[in-house]
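Residue numbers (my numbering), protein chains in the order written: chain L, 1 to 728; chain U, 1 to 286; chain V, 1 to 195; chain A, 1 to 453.
Note that these hints are calculated values from the structure, not bench results. The structure presented is a predicted model; accordingly, all values stated were derived computationally and were not measured. Please note that a few of the clues may not be correct.
Stated by the list, open to error - Far from chain U, some chain A residues (derived; all Cβ distances over 10 Å): (1) Leu37; (2) Trp73; (3) Arg133; (4) Asp188; (5) Gly284; (6) Leu341; (7) Thr402; (8) Leu426.
What the hints assert, rightly or not - EDC-like cross-link-like pairs, simulated, lysine to aspartate or glutamate; straight-line CA separation at most 20 Å: (9) Lys668/L - Glu146/U; (10) Lys232/U - Asp321/A; (11) Lys93/U - Glu90/V.
No residue lacks a Cβ here, since even glycine has one placed at the ideal position from N, Cα and C.
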Amino acid sequence: MVSRRDIFKYAAGGGVGVGVGLLLGEVNQRPLETLLSTHIPPEDFSPGIDTWYNTLCRMCPAGCGISVKVREGRAKKIEGNASHPVSRGGACALGQASLNALYNPDRLRSPMRADGEGGFIPASWDEAFDELSARLGALQAAGMGRRVWVLTGGALGSGEEALSRFSEALGANLLRLALDTTANEQAAAKAIYGFEGLPHYDIASADLVVSFGADFLGSWRSPIAYAKAYGEFRQGANGRRGHLAQIEPRMSLTGANADEWLPARPGTEGALALALAAEMLRRGRGGEDVANWGGLSGAMSLAGAAEQADIPLARVEALAERLAAAETPLVLGGGAAGAGTRGAAALSAVAALNRVLGAPGGTVRPNLGHAASYASVPDIEAFASQAASGNVSLVLLAGVDPAHDLPDSLGIRRALERAELVVSLDSFINDSASQADWVLATDSFLETWGDDISSPGAGSLTVTLQQPVQERLFDTLSITDIVLRLAARLGGAVAQALPHADAQAFTRAEWARVWQSLGLNGDFNERFRLAQQNGVWDAPLAEGMADTISPEVPPPPAAPGSEFAGGESEYPFVLHPFVTQGFREGQGANLPWIQELPDPLTSVVYGSWAEVNPATAEQLGLGMGDLVEIESPAGKLSVPVVVHPGVRPDVIAMPLGHGHRGNGRYAKGRGANAASLLAAQSDSATGALAWAATRVALKALGKRGRLTRTGGLSRTLGRQILGPGGEH
Amino acid sequence: MSKITDTLRQYRADGYFAEFDYHWTMAIDLDQCTGCGACVVACQAENNLPIVGEKRMRQGREMKWLRVERYWEGDYPDARLSFIPILCQQCDKAPCEIACPVFATYHNQDGLNAQVYNRCIGTRTCAVYCPYEVRFFNWFTYTWDEPLEQQLNPDVTVREKGVMEKCTFCVQRINRAKDLARDEGRRVADGEVQPACAQSCPTDAIVFGDRNDTDSAVSRKMRDPRAYEVLKELNTAPSVVYLKNAREPLHAADGGGHHDGANAQAAEPRAAAAEPRMVEAESAVT
Amino acid sequence: MPRRQEWELTLSISVFEAARPVFTGLIVAAMVVVGAFVGHWAHGAWLNDHTPVQPIEFSHEVHAGENEIPCQYCHAWADRSASAGVPSVETCVGCHKGLAEVRDRPEIEKLFGYWERGEGIPWVKVHDTPDFVHFRHKPHIRAGVECQTCHGPVEAMARVTRRVDINEDLRMPWCIDCHTEEQVANGRDCLTCHY
Amino acid sequence: MSSVLRKQMFDHGPPSYAEVNRDVINALTTTTWRYWLTLGISASVALLFFIAPWIYQIIVGVGAAGMNRNAMWGTYLSNFIFWIGLSHSGTLLSAVLHITQSDWRKSIYRSAEAMTLFSLMTAALFVMVHVGRLWFVHWTFPVPNPMELWPNFRSPLMFDVMAILTYLTASSVFIYMGSLPDFAAVRDASKGLRRRIYAVLCFGWRGTAQEWHTLGWSYTFFAVLVIPLAVSVHSIVSWDFAMSTVPGLHQTIFAPYFVCGAIYSGTAGIVTVMWMLRRYMGFGRYIGKLHIDNLSKLLLVLSLIWTYINICELFTAWYADTSFENEAILYRIWEGPFWWLWWEMIAFCAFVPLLLFSRRIRQNWNLMLVISIVINIGMLTERFVIVASSLPRKFLPDVFGTYFPSLVEISITVGSFAVFTTLFLLFVKIFPAVSIYEVKETLAPLRKREASA
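Just chain L, with the same shape it has in the complex (with noise of 0.2 Å):
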């Protein structure tokens, strides 16, 4: 039947397909891949296996301390440093995206230099310090050191000493810039506690927690640390479950926690606080100590204060019981409510209600280590006319963003504009740098050494050390490295100042000096080691450094409303601009893992936002996502808007931090930045930037903003989703 030629064909078939399959295997063959072998390994390098490094976050001025996990040198995870007494193991979303921040793409490589048409080309570190030295020199030279202006953040430890030891021995201006400063606290702390500093707030061992604005859960000085006392206050150890109410215009993250949120209007909250210090002091709750404050004269009646403050009187009265009844109660102030124009009254009158309450050596104490004093608006204004009549030769942008996170209105972008030289230490091309002559690439906090007071230091002084966890990923110094090596190369009284060879050298040494100045006794490179390991020093004060809460301060002054910049006819509402955790004043913009985590509140991802109440909305026929107008005295803006009922009608809530013009491909243009808005006010006390005191005006405009919700329908729909019964 089977001819020879079938055979044939059978064979060539056979042949045919032997082909394709060899094709086949070379096709899906693995591909190879290489080994590389260390040349000479650090001696804690072991592929495969995580290595720890506890260190210090730098993304807030808190100061956590971390823990790194590190995998064949590079940086991968980063938790909360359990032995650290700040964050004991916690970590924010922030500092855990600050992974974003050292590997991003958007990240600067090396010195750029303006190539005049906007754009920035890569330069050398010497080219850079050369041009610098010769114009500080120059500078110094010719006695002109003031028209120099080093611009800095708030935060504390050797970084900011060396920053200000150098202006200091070059005659320089330092500015200590911050859209939320801690200057009426400290001012409300001086007034009513009678000391230096920031109080520390002990939450945890509280039973009742009123407070005014201060959003601690979310983004309010210490989050971790109150986060974790918060913990202890709703299920701690004691078995007993503390009692929260929030009283702000716009529910924050704390409020959205707390047991009841009393929308006050906006700027009312000092009243309230005085009225509620007065009523405590009538039910016979003040003490020996506020013997003198007699009945608060100055005070309004509870009725007064919460007709003012457009919130039931009932309520106000029943917070009044709980008051008087609580055994361990405190009181909290901050975020908005103090930074109205009469900022500094209200928070002294919160803290007046603490001292009636007894609450001082108790929930309340003094926060040891020292705080930053930050640059009031006069200050900026003064560095803004100098700009303004060409007396600024050189402007040094130490790690701020002072055109994004201020508002225009201080006239700090034009001064910049204006400024001979703008030389910006970022590791971004953000807002202000893009207006620099020079940006000097600057390392991650994970790639070099530091140190930050934690705050609050929980009775003790917590000095937190940073060191680098992994080698430098690009050509890159850290702020306190370029100070050093220009203090260096300009030599004279400046060098003398600075003698230090790189950040380690100076941290050691600025240790060894804290050291010696307290007094203690020990193997001090023992102790050092001790802090390198785990990250932290606690150090128990000798006798008489703590300050103490003076036992009789005169009475709180009368807390006024704060006044507000446009009139109440042509700009209806008050502007609530608000910090939230992930994004700060613009720190967490350029990071992509915060840019994708939903905001708690509304949801929305990528871009900023109004809130607006549902009765505003119906006013005006908005809905979720329609774009609106809104517009300040001091600008204008467009944003979507999200209807929520966490918010006052006569008040529109922006969040802050967005709108970013520069720093990278995942902030530039995303969002509208709400400071943008705000006018110049000024407390009238400290003359600290009242950022929450500017009226805007709503215009539909008809059409849908870029609006983008992670969230579909956010009610339960009678669904026992939040456990049985559906109540919570």
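Start from chain L and add chains U, V and A according to the hints.
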């Protein structure tokens, strides 16, 4: 025949997992959870979750193995917000497990609801069957802008397009802990292993441990009277237990009348009617 | 049975005649398929590059074989970590500094070249598993598995080769078999290796 | 069957044996340029709208479709079900009618069965399009392997794989067996290559009594076998949905609902195909009033059942009055973005068919074409609505979302019809689209009578 019916009868009956060496369980105390989202980022960092970008977010294709859901109650000024973190519940009677035609998802001996990425063919049935919607699909092969890829966790596979992925209580950490315990010839101690979310939680709201060990922290939490399971009525026997928020009812003052289940159903759909338009419009923007 | 024969007859006339090209085609097609399998197997067995050329012609035969240097002297992390690791250039040089008699050999020159340039040596992986498999050395060493079980008689290899005949190209069936025989705890649970 | 009825089978009087052969075989052999044109068009459409976007999707990932976190299933799955449904009358109907010995089936069943075959293939294609990693889809087959990995037999999708494969095999054997004698007829009537080919195709059929006998009983055997199979297939397809917990999908009534819906759309499909055959293949003589009338009656009954089940579904949901059910139904018929599609489906599949109460409409071929197409549009949307309005809203309101098909999805949906058409066009040139020998069977008694008269 009777043999089969017997096996079927006792299949995943209560205590089915007691015989196994571990029964990993998580307890989340809603009274302590503040909804800050630290756990969400921790999860993203630990498990190599991709950065999907704004466009994909708008298309509803986010990749968050762990999300914090928010629910409003009441209206201004008596409004209240509640948070609840939702992650894979590692159900002992998981609807997803029966669905997968190729056993890419199954229940392992530690009570974990396993997901085997390299076995998945992407029918997405498991995700459809999952009532908690905690399974996420790789619609594309996601990439990291250089040098972001240097952060990737070497202990976790980077998933390719067409694969379903989800939380497995950070199984890479569990394996590591079991490995160490084995070196020392002991069981994994309570609190020795923690998923990324639990470790980062600033309020210690998340407790993780072995349910078979009756005096482990998680077992103690489970005995709390506030303990409940989400969507219990579906009989999925989740391994994530929630502790109800201990706040007093929103309307305790006026008797809380209009918030018991029945009326809530009557009342809420209006809210429901209001919002789909929003959802619609949003996706219309894309 | 007459009808039966008739039936066959008719078939033989009409079908097989007409169908012959069809059948031939079918058989050829079958041959192609079979051939493809054979070819693929053959490629895996012989043509697949099991012995990649290394940047330095390092001989395990000399080091592990003749000089009997224990594996974990250089691959120091095998009993501690998931990956056994390759020695640092420092380790190599550490010994070879003292070995003046071989100092001038070209390969050794290469080594010192890397050393002086301060570079690492880009060794080519011979035994590699896909990325979705997490093979961990430590548990296997702990369980007393010989290095040779998977890597073959390395001490006898001038240039390291992947002995497919020994380790079946490190494919999953091979893993499973061993895990089953040795009754490894959870050795057949997917999550043990895939996560 | 009375001779009267037999007469009615042929609007223009019964043809002679020779005519039957001639007509049918001509349809095979003589190919006009029109045919090539249509074939060309449909093939290229299939290529452009189905294959091309599919390849694109394979490259970038399933993200090319509009599905998202909430709606993990989309048009691909709903189309899959639609095509399976369409496959459901052909073989089933022909089998049922064969057993009930209704002669009018004989001139239409061949192409009906072909429809089954090809819509099944299209459905299978949609499974391929749906999965995320096409290149591993073979893992769903229980192939023994050294890794000891098996498919999960508890999974409704596994039932699916099995059921569809069985159904495909059975119905292809059924149609092939039925056409053996006709292949032989073609062989005898043709010469050259075609003769050789058909000689092979007909397995050397010679028409001995033995052969006819074997064919007879085995054909009946298969008919009996196919009926439960067809029913089981669509029940299982419905379980892909019903076995989940999703509100709106988790319905006990789904199995009968889907089976009925399947036969419904399938029958409508047959009407459409019949119209085509009459119009373009010149089978007007063999497919006549009687057929269209009977098919329409069948349609009417099915539509009534379908409507009834829909009402049941709504009623039970409303009666249960749980938040889940209420929301799902409300979203489907009123609040959701696809509410209008639901009403369209009700209008098309529940109200339009009521026209069929009138005989005049039933026997008007062109009207019937329109109605049948309308019905199938309705059924297509039915499947889409079920998927697209249930999945986006399950249990946790905070993850409620929406789903809109993307361009890729839409184009692939359109393309699938071209794929089907192409396959069918190829079929009519290979298989005798009307069963020659069975038509003759019906003729035999008529001719006898005429002879005696």
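Hints, one by one, checked against the model:
1. Leu37: holds (39 Å)
2. Trp73: violated (6 Å)
3. Arg133: violated (4 Å)
4. Asp188: Its Cβ never comes within 10 Å of chain U, the nearest being 48 Å, so this holds.
5. Gly284: holds (45 Å)
6. Leu341: holds (14 Å)
7. Thr402: Since the minimum Cβ distance to chain U is about 5 Å, Thr402/A lies within 10 Å and the statement is violated.
8. Leu426: At about 30 Å from chain U, Leu426/A clears the 10 Å cut-off, so the statement holds.
9. Lys668/L - Glu146/U: holds (18 Å)
10. Lys232/U - Asp321/A: At roughly 18 Å apart (the allowed maximum being 20 Å), Asp321/A and Lys232/U satisfy the hint.
11. Lys93/U - Glu90/V: violated (55 Å)
Of the hints listed earlier, those the structure fails to meet are numbers 2, 3, 7 and 11, in rising order.
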